[in-house]
Structures are given as structure tokens and as C-alpha cells.
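Can you join these two chains into the complex? Each is in its own frame, and there are hints to help.
Now for the letters of each chain:
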Amino acid sequence: MSQDSVRVERAALETTREPNKGLALLRTSMGRNLGLVIALLLLCLVGVITAGDRFASTANTLTILKLAATIGVVSIGMTFVIIGGGIDLSVGAIVALSSVWCTTVATQTMANDTHWLVMVFVALAVGAGCGLVNGLLISYGRIVPFIMTLAMLASARGLAQIISDRKTQIVDVEGFADFFNREIVGIPMQVWIFVLVSVVGWILLNRTTFGRRTVAVGGNTEAARLAGIPVKRQTVYLYVLVGVCCGIAALMLVARTTTGSATHGNLYELDAIAAVVIGGTLLSGGRGTIVGTVLGVLIFTTLNNVFILNNRSISEQELLKGVIIVAAVLLQQRLASRNSNA
Amino acid sequence: MTDALLQMNGIVKDFPGVRALGGVDLDVRAGEVHCLLGQNGAGKSTLIKVLSGFHQPDDGTLVWDGAEASFSTPAKAIEHGVTTIYQELDLVPDLDVTENVFLGHEVSRGGFSQRGRAREMVRALLKRLGHEEISPTRIVGDLSPANQQIVSMARALSHDTRLLVLDEPSAVLDQQEVDNLFRVIRGLTAEGVAVIYISHRLEEIRQIGDRITVLKDGRTVGTGLAVADTPTVDLIKLMTGRSIEYVFPPRPETAREHDEPVLEVRDLGLAGVFTGVDLTVHAGEIVGLAGLVGAGRSEIIETVYGGRRATSGTVTVDGKRLRRGSVTSAVHAGVGLAPEERKSQGLLLDEAVYRNITMSSMARFSRFGFLDRAEERRRAAELTASLDVRPDGVTRAVRTLSGGNQQKVVLARWLLRDCRVLLLDEPTRGVDVGARSEIYQLVRSLADRGVAVVVVSSEIDEVLGLADRVLVVREGEVVHESAATDLDEARVLDLVMEGKVPA
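As they're listed, the protein sequences go chains Z and F.
Here my numbering is used: the first residue of the first sequence is 10, the next is one more, and so on.
Here my numbering is used: the first residue of the second sequence is 73, the next is one more, and so on.
Hints were generated in silico from the structure; no laboratory data involved.
This structure is a prediction, so every number in the text was calculated from the model and none was measured.
It cannot be assumed that every hint is accurate.
Unchecked claim - Straight-line distance between alpha carbons at most 30 Å, and here's what the computed DSS-like set of lysine-lysine pairs gives: (1) Z/241 - F/392; (2) F/309 - F/415; (3) Z/241 - F/415.
Here chain F stands alone, though its shape is the one from the complex (with noise of 0.2 Å):
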């Protein structure tokens, strides 16, 4: 491949606690459009803001155009010629089209911008786009999505660009938009312009895309794969699919249909996201939410904890009905959830492990609101024990453990609160191969106990193994439901699909 415009070798990128890239291989050939495809958290924005400059690789080479080469700031990489269209567009909406194009490279003589000559550049590079239509003196903010992306494509190109970064450009879009970003990329392709192509579409890529590599978990699991002769269920299973095999553990023989129901979710909906769910989980049970990024799941499961608003429906716990948009009435009502983006939204990393887990039981530790710091400690540290946190010692911060002790301590809050239902939004993203197993068990062990677990998982083997029931969703709906026993992973993949792409 000597061709290759850009080659990505063992690129690895560390964040305090975890390894957000843990070797990477990508090359990248002038005139192509090579598609990165990976679930949420594989690593994908990872990886663009380091060939474009954003971060630096902690491991691995970077070779441009047959030289070795580092961007050390993103002005580095525009030089070079990569520019990258991020996912929310960075333009100034109250900028007119001009002055957007060549902010922070402006057309000027002795220090006098030259409003005119810059005006004739846009439209030359708005005709080039094949979008002549587009004044340069109108103001970014009165542009359409689609439109605004266009000039964002039209600064990009008023640097010398070789290689063009577009981070899921196709979401705002409708169809014929997208049809009409396609024929602009096929224009610059023509013109021996390279693209690095990111979008969750699977359909678009077939049209789209020349090659493709995929991440997975921080790596890659495929690489300079022709579009054309790999198969969509090769690419979801390595999206999704795991190269290691999880003992998980086994299902306990007593049916739990018998049992009370714990959660029982009616009719549930939220305007534009998803409608009319049901879900019944009975004490012991654990259901799976299955489907592709996008699908609705987390938007589900963070409305039943009231994290978001629903529009319609019901949520009962025990028969109580809960208030509506009311994380305090979910978490009073014995549900607790550990969140998908766990740094964001389950830990406050600063602070102490023991602060962290008793967070949401503080009454019980308190006494006219005064703490019992050695009695939170003493739980913490029981609890912490019994989940093998490590390393030990529940004064350190949070910040300082790996993802999957990070995941533990989130459980750990829920343990100390009894919870009856137990919502889990992706429980084993950025978890190590040797933490998975440990947290399978452990929610095993508590749905043993009696509480009613809900999984959300991109991992269809995860949801398979892991719960009793499962439920797929598709676009908003829950399409399927069944004992995970009578499912297996094509059959999932089928659903998940349907209707998307032809089989």
C-alpha cells in the first residue's frame, strides 16, 4: 500500500483511568472514501482529534503522505491539509457566510480585510460545492442544517485540503440533503481528495464508502474492508459482537413469571423519541433492551427513572405510581440506575469512593443532618470488600480507578440502598476484559436477591447471555419480545435490522 495518503499504526490515547485507544491501525488513500465505523465509545471522535491535532497519542505513528509526522495543534493539521467537520458544527451563527469561511485565516492587505476578494473566494468554493445558490453575505444563522454544513465543507476546502474528516455529517440531514452531501464528496473524491466517513448508517456507507475499518472498544477489529464485498452482518457482528467468549452466569431453573411484578411500565412514550412501551419486570428478573444506537433504548430506560419527561404513560413500582420527570420519586421508590456515561453522569470523580456509593442513602447515615463519616466509611469499605474494588481504600478518588471499579462503585450506591429496581444503561462499556465477568455476576446475584434488573446493551451477546427476557427495540418501538432462550444472535440482528437494509 504505497499509495496510502495517511497510516494510523498503534495508535494508543490514554485518559486518567482509562485507555481510550488501545491501538489502532488506519490507512487512508487519496481519492477514497473510508468509512470508521463503531458503537458509541469505540474510540471513533477519540482517534479524529488525534490526527487532527486535538490530542496527542501516547503511543503509535502517524505517517502523512509517505513522511513520519506529528500534529502537535490542530493548525498543525490544517497545514498539513486535514480538515475536520466536527458533528456539531463550529460556525459562528452570527457571521455572515464569508466571514465564517476564513475566520481565523482572514483575507486581509496590511491589516485591512478585503471583504470583496474574500466574497468572490466563497463563491467560487460554494460553486465548486455545487451550491451557487448559497449568498456569501447572508448570515450563518438563518441557514438550514444542511446548508450550514456546506459552509462548513466550504471552509474546510478554502485551506488546501488533501484529507477531509466528516464526524457523522448525515445527522441533521434529511434524504435528499444527504444525497446532495454525497454528490459533493463524490465531486472531491474525483478532485484526489481524501474522506474519513463516520456515521452509524449502515445504508449510507453502502453508498458512500470505498473501505471501511471498524473500532471496537478502542481498537481495531477490521481494517481496509471493501465496501462492496463485506456483508452488513459482518460489520454489525464486529461492531458488536465480542472476540472473547463471557461466561455468564447461569439462569436460575424456577421460573420467576409467577412472582409479583416490581416495575411495570405502561404505554410509556416520550414525543419524537419512542411510544406506547410496556415493560413488566418481576423481583428476580433480569430483561435486556436490545437495538442499535439510536433505537430509543437509553431514552427508555432513563424516562421509567425519570431522569426525562415522558409525554405518555404510566410507571409503577410496587404498585406506587411515580411522579413524572421525578428522579427523586424513582430513587425513593427503591430505583436506581447507573447511568451509560458514567463519568458524566453517575460519579462525581473528585471525590471520595465512600461519597460516591453512600450519595444517594445519605439519610440513612445522618442524624439531625449531621453525618456519620465512620459509619459510611465502615459500609463503604464492607461494600467495596464484597465487590472486590480495586485498588482498596474508600478515601481515594474515584477519578483514580479503572472503568469497570468506576462501574462497581455506581453499583455499589444502588447495594447500599436496597433498590428494588435496578436500571443498567450500558454496564460494561469501558469495562476490562477480566471486570465484565465480575459485573455479570454481580447482577446476577442481585436480581437472586430479588431485585428486578433492566439491561440495555449494543452488545447483543451481553443482552443474550446476561438477561432472562428480552426486548428489542427499533426506531422508538419495541418490535419483539421473548425469553432470551429462544433468541439467538441473527435472529436478534434480523430485528434489530428489519426493514433497514434488504437481507
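Next comes chain Z alone, as it looks inside the complex (with noise of 0.2 Å):
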């Protein structure tokens, strides 16, 4: 052989290296992620292009920033359960219930005779306690958590309903509202929420042993529970923690809209899945990222921002949602095989 044409076929295996290499960036989470934020700033672009002044105002982008905190709080909780092997249908419903409860007139006259706490106090319970018994009924009565889940979705929006009478209930207890919806430094407090919510989840997620056993549950369920790590509690823990996040959406919902509903939340299971799955989280459970589900949810609300500024309709908006999460799981599946194969 001549040393012409070795040349040529190293060359050429160089050049079919090449797409390999940026595969291989985009398996890493960090790398991932960095595809997420080009994603990000290419809409933004497309926003600055279309809508100009509009969509590149401090105001319009504290509107996304708003819009994205009460369903990023519910994705950063579905991230975790999602990790964890399970999946959690009834978060929406859960929003509602908890918007419901804490906004009673029981509640409001008991928080008025003393302090706006109580609401919060009500509605983080009512989150927790659904949680609970997904997690309880899903570890322990051996309930597929798709179906678990799917029944809460059912009953919550139904009890919602009952105890609202399918009215809307108005906020009208002093300070509340008003805690919810103050800035500081020139940020509204909902968004403060969002990324107080994300830090604790990132930091609980990564560097602490709860985060890593939801990993190990997650990534290999038979090989946790006999290096004797407590499967089932673990699972219980993630359902009332996906919970709790519900908990704080309905506060930051009914503050927003000074009204508790059993019509808040709807169809939120759909958009934290998504922005979970966009994230790089993947839905058979083991691995996913904080970030990631940030950036998801950032994604999808900027998307929305666009739309709405160019009056396009919400029916292509969510056409091309759809789209996007076909593509994404496209993606990650292209890479996780891959993965194996390497």
C-alpha cells in the first residue's frame, strides 16, 4: 500500500470522526445543556427579529421569567420523581386542589384572624398530603405509577371542584397577595421563587444523599435495594416532594390571579413532562439534570412569548410543541443507543 493512499484513508476517517466528536459532547450533560442554551438563543433571536422592541423589553422579559416560575417549580419536582424511575400525571390537579384549599373561606377567615401564613401553610399541605398518598400507594400497594397518578389527577380536580362548588374564589386576605407579588431589586418575587426552588433542587439533587439514592432508584432499582438502600421510602419521599412543589405553584398561581380554582393548573402535567424530557432527563429514570429542566421550561415559555407576540395562534403553538418533544426524544434515544453501542 502506498503511503498516498494510507494518507487519504486516515483523512478520510478523520472527517467521519468529526460529527462523532460533537455526539459525543452532546452525551455529557454539561454538553447538553450548552445545546439547550443555543436552543434559547436562537428563539430569542427569532423573538428579537419578529417582534423587535416587543419581545427585547426588561418588561417582556420578566413576563417570561413570571410565566416560567409557577410551571418551572412544578418541572423541578417532576424532574425528581422522573429520576427516581416514576412519573407524577397529577400535578395539575394537585395545583388546583391546593389553589382551592388554601383560598376556602375557612382558610381566608382563620388567616385574616391571624397571618397570610396559614394559606401557605394550607396549601403546602394539601400538596404534601397528595404526594403522600401517590407515594405511599405506589411503594406500597404496588400501584404502576402511571395509573396511581392518573386516579389523583381524576380525584384532586374532582374534590377541587366540590369544594370550590366550581366557583371561583377570590383572594382576600391581607399581605398575601401582596408578599407574592412584590419585587426586590427589580424582580418580581415569583421569580425569586423559581430559582430559590431550582438552587435547593440542584443542590439536593447533587451533593446530597438524597439526590444520589434517587439516582440509584432511578438508574437500577434491583441493584438499590440490595446495596440496602430504603427503595421504597426513597420513592414516597419523591412523590411528596413533587407534591410540596405543587404546593408552592398554587401559592404563586393564586397570588397571580388573586383567585383560587379548580380550573389552575391544567394541563401542567403535560408542559413539566415536556420541559423535563426537553431537559435531557430521561423518562426511564437514572439520570437527568436541574439545569436542563430549567432551560426546558425556559424553552417552552419563551416559545409561548414569541407566539403571542406575533399573534399566532395557541393551536400552532402547541403543534409545535409536539413537535419539538418528538425531536428532542428523537434525540436522546439516538444518543442513549449510542451509548451502549460504544
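If you want it as C-alpha cells, here you go:
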């Protein structure tokens, strides 16, 4: 074989390797998140081009962030459940039930007599309670998460309708809405809450025993069990965690709309799961990142905003959302299969 | 051997981190029953998956009917006349017999299914199999396992089958049904169909087989052996014995019997699997459990560990009684398990080495739930260095390590916990030759530090070489217990086989 042909072959090899390098980068979580950042920037570029200053204003940016905050908090909780090998379809319904329960006449009267924190307590307790029921029945009743949380989806919203008598409950508690709607250094409280929940979520996932156990349970349940990790208890904790996140989201929603309603949080489960999946978390469990989920939420909310600014219909937006989800999952599967072949 | 229907030469199949097949030869003649023997994990399943087109071999040749061929998909294999009936029957329980038989190649004309004609064809197939009594319109889920198997065979025959692969077909059958299965097989071979028959039951192979190929650790250790003139003892030796002599670490001089018993198992039972197991292990002692696959060895130590919930009996560690069916309770009492299926039961393959090591001792590295990751890595690095895990680097994914090094990671997990009792299920399965001796040394040095060790192994010489005391398990009962030095391989073989095969 002549030297030239060797060189040609080597050159051919190198060119075929190039795209693989890109894929290799995409396989690491940092690389995937970089991809999401690029997607978000492109989306912003589209926003600037099509809507100009209406998009690129401080006010609009804050609007996007505020909208992202509520669903974002739910998505952080969802990230934990999915990494832990489960799924929660009932998040939207839990948000509705929490919002209704913390705005009943009884709760508001008690809050007016004492402090608006009563409402906060009720919302969080209702969220945690629903999560506890989900978790206990999934862990110890051995009901498939999909079915259990589907049942909770129906029941929790039904209960919310019964409690509220299908009426919108207006908030009339001093200090409550003021607290959640005020601004700190020019940034709305709701955005701060989202930031706080994300940071706590990141620390919990990456720096604590709780996070490590979550990954172990979702990554290989049997190995986790045989290593002595209390798998069932951990699973219960995960559903309680997402329930508490729903309680927080309910408070934010109640404050923003100054109402509690059985229609709150409609289809939140879809938006949250979509954001988590786009963020690179494996639906089969065991792998995922908080940063990815935050970026996923921002991408969907920005998309929403760009569509509204351009007077496009919700329907078109939903259509595109579906396409994005499918594309992201296809990409994820391709990477996953390459990973296992490597 | 010009009349070979199938010839596989030097088949190699690699999976990430492990070589499942390392050069397998197999030749099958038309009209014969060719038995495939080997322990769990010897590579039988991988081999038939290569043969039926599910896996592509990384090396080696496949000659089919005199011409080199490659079965790139299951459909291609079926096209050539190779059909496989897997251990877990792949029938759709809610469809009827006819629909199952023609699943994937429905009888139709112009897109409309011809149900009547299909039923007639199924009736003919069932008649050929000697089971006219099964109605083509019965729902498959309502049939007995034996009859479901007949339906699977009818499906196989609905293709133009020239080679039928049966993966442990007798596992779900009683004696009468097995006899019937053999009648069916003889009928097929008389028509010139070749059969590859996989079974653990040696006496069945005596009855039905013509020739035998034995696999061990992904290699052919005996091929084309005539059933009639190969003694059973030779077969078991091929399956369980080693071709290479290993150096086992020397046993300590002093007897350990006087030390405190650490693990005490009394009358342990698991309904339908094993009964009345008594086992005492002292500090510093290695106890081996010998027996055939399916004798209940693995189940015994999994039950001791709490991975299965015992139906009777007690387990105590250092005098403290463990809660039944609670792994957490066992781990807290200082028990560790290196499970049989390392990948699916022992490790988080995509996670870093150090995380797999610290998995069972996270409390030690955490303060208020926060993990000290630098300390985790430091301790893990110390352990991997002392166990010589290669390649080093505690942040690499466990998936990238070889079988032996993965096993060391599992052992490191329990070393880190300073466990009192270590249960090892097939500690050297899938571990390459070089790493085996290291693992033996490691196990012995653990015992010397006062750990009570229980080893389960299919390899008799491993049990005899490593353990101080040996328990022989047969059909869910401990049938013998004595010092390892009082036993030899032949004696253990006798004990293991007794009552199953005439001497």
C-alpha cells in the first residue's frame, strides 16, 4: 500500500470521526445543556427579529420569567420523580386542589384572624398530602405510577370542584398577594421563588444523600435495593417532594390571579413532563439535570411568548410543542443507543 | 462432515465490557437432536440469539446448508428455516391459537384474512404434532403451559422450518408432558428437521439427544460428543471444571471453630424452593455452597440477605436477629451481598465507580444529608488502588470496566462498610482468567480480617479450593456438610447428582 493511499484513508477516517465528536459532547450533560442554551438563544433571535423591541424589553423578559416560574417549580419536582424512575400525571390537579383549599372561606377567615402564612401552610400541606397518598400507594400498594397518578389527577380535581362548588374563590387576605407580587431589586418575587427552588433542587440532587439515592433507585432499582437503599421510602419521599412543589406553584398562581379555582394548573402535567424531557432527563429514570429542566421550561415559555407577540394562535403553538418534544426524544434515543454501543 | 446443515465456526460476540462468546464452534446435522449444555452465563442464550438473527457476531463464520450466510435479522433467519422457541413463550395470550400461529404472516387475500383456511392449516399442523385435541379457536391464555408450547411449535412449523431451536422447553413441563414433547421431537427429526435442544437436565439429554456441544465461559469446551458414549461425569466436568489450574490462597493453620459464630441461620425455608437450611459461619471462615443450577443455592443466600422473604426460620448476625425480607436490616447488621447478576442486580452501570462504591455507606460521608464528595472519591480511590481496579480513575462509568474489575467494585462497596458477613454469589462468573486469582486472594484476606464469608459457585473446584467448609445443596436441601479438605471433586459430584443419575 502506498503512503498516499494511507494518508487518504486516514483523512477519510478523521472526517468521519468529526461529527462523532460533536455527538460525544452532546452525550455529557454539560454538552446537552449547551445545546439547550443555543436553542434558547436562537429562539430569542427569532423573537427579536419578528417582534423587535416588544420582545427584547425588560418588561417582556420579566413577563416570560414570571410565567416560567410557576410551571418551573412544578417541573423541578417532576425532574426528581422522573429521575427516580416514576412519573406524576397529577401535578396539575394537585395545584388546583391546593389553590382551592388555601382559598376557602374557612382558611381565609383563619388567615385574616392570624396571618396569611396559614394559607401557605394549607397549600403546602395539601400538596404534600396528595404526594404522600401517591407515594404510599405506588410503593406499598404496588400500583403503577402512571395509573396511580392518573387516578389522583381525576380525584384531586374532582375534590377541588366539590370544595369550590365550581366557583372561583377570590383572595381577600391582607398581605398575601402583596408578598408574592412584590419585587426585590427589580425582579418579581415569583421569579425569586423559582430561582430558590431550582438552587435547592440542584443542591438536593447533586450534593446530598437524597439525590444520590434518587439516581440509584431510578437507575437500577434492584441494585439499589440490594445495596441496602430503602427504595420504597425513597419513592414516597419523591412523590411528597413533587407534591410540595405543586403547593408552592399553587400559591404563586393564587397570588398572580388573586383567585383559587378548580381549573388552575390545567395540563401542567404535560408542560412539566415536556420541559423535563426536553431538558435531557431520561424518562426511564436514573439520569437527568436540574439545569436542563430550567432551560426546558424557559424554552417553552419563550416559545409561547414569541407566538403571542406575533399574534399566532395557541393551536399552532401546541403543534410546534409536540414536534419539539418528539424531536428531542428522538435525539435522546439516538444518543442513548450510541452510548450503549460504545 | 459434509452433511452438516449448520456450521458455526469461531463465533465471537462482545458486549460492552464483556466478551459473551469467545470463539464458539457448533455443527448440526439434518435430522439430529443436538444438545447444547452449559451453566447459566456460559453463552447458550447469546449463541442462539446469534443463530436466530437477534445479535450479529463480531467474528466467525456461519455456514448454512453448504453456503456461507449471515442472518442479519430474525426475519432472515426464519426465511432460511431457522426458528427458535424461547424459554419465555412469546405468544399473545389474548389471541386464539390460529391467530398466534400465523402472527406476523397472516393468511390473507387482498388484505382480508382467510380465517377458515388458516384454521384448516393450523388443524393440520397440530395433527402433525399429535395434538389434534387443541382447538384452533381456543384463546391461548386458557391453555396449559404444555399446550402453549405445542402452539409455539406449530408456529415454528408454519414456517418452512429446517432447524428448530428449543430453549429449555422442559422447564415448565411435568414428566408426562416431557414424554409427549420427546415424541413430537422424534417425529420432526424423522422428517429431517434438525433440533437444537437446550436443557440443564442431563437425564433428558440421555433420552432425546444424539450429539452434545458443551459451552463454558463463552467457549466451546466439547463439541459433537456422541450422547451414547460420553459419561455423565465427563459432561459435568466439562460444564463445571476448569481447563486451567488456579492457585488458591492457603487456608489458615488454626481452626476457626472456636471463634464466635457470626452468622447463624436456623431452619431457614422459602416455600417451594428450599427447606430447613441450617448454616453457621464463624469469624474468619469461608463456607461454600455447592450444587447444580436450580438446586436453590442462590435462593438460599438471597433469603439470608433478605432479598427474598423467608417463609420459615431465622437469621442472626452477631446474636442480633434480622427482620425477614428486609435488606436494610441485613445491611445495617453488617451483611453484604455480591449478587449473581452483577450488572442487573449489583451496579449502576452508567454511574461513576466511586458512587457505586459508596452506595451502601453514604451515611458515613454525609453531614446533615450533604455528601462530602472529595472524601468519597479519596476513600474510593484508596480502595480501588488496594484492589488494583484497572483502569484506575474513580470517576469513570462502571460500564467501561471488565467483568473482573466490576466485581472488585462490588467487593469494594462492602469493604468500605467493614461488613461482618459477606455473601458471594458466583464471584468469578464472567471474570477473566487473570482476575480470578486476585479475587480469591481478596476473599481470603477478608476472611483473615475476621469477616464471615459464604461463597456460592457452580464450579466445584472453586468451592473446594476457596472454602474451609462445604455444604452440598440438592433440590432445596442441604444433603452434606464437611470440611473442604475431606472432599474431592468426584465425591461432590456424587452428592450433587445422587438419585438423579444412575452411577
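Hint-by-hint comparison with the structure:
A threshold of 30 Å between alpha carbons decides the hint, and for residue 241 of chain Z with residue 392 of chain F the separation of about 24 Å falls inside it, so the pair holds. Between residue 309 of chain F and residue 415 of chain F the CA atoms are separated by roughly 27 Å; this keeps the pair inside 30 Å, and the hint holds. The suggested pairing of residue 241 of chain Z with residue 415 of chain F holds, with an alpha-carbon distance near 21 Å, which does not exceed 30 Å.
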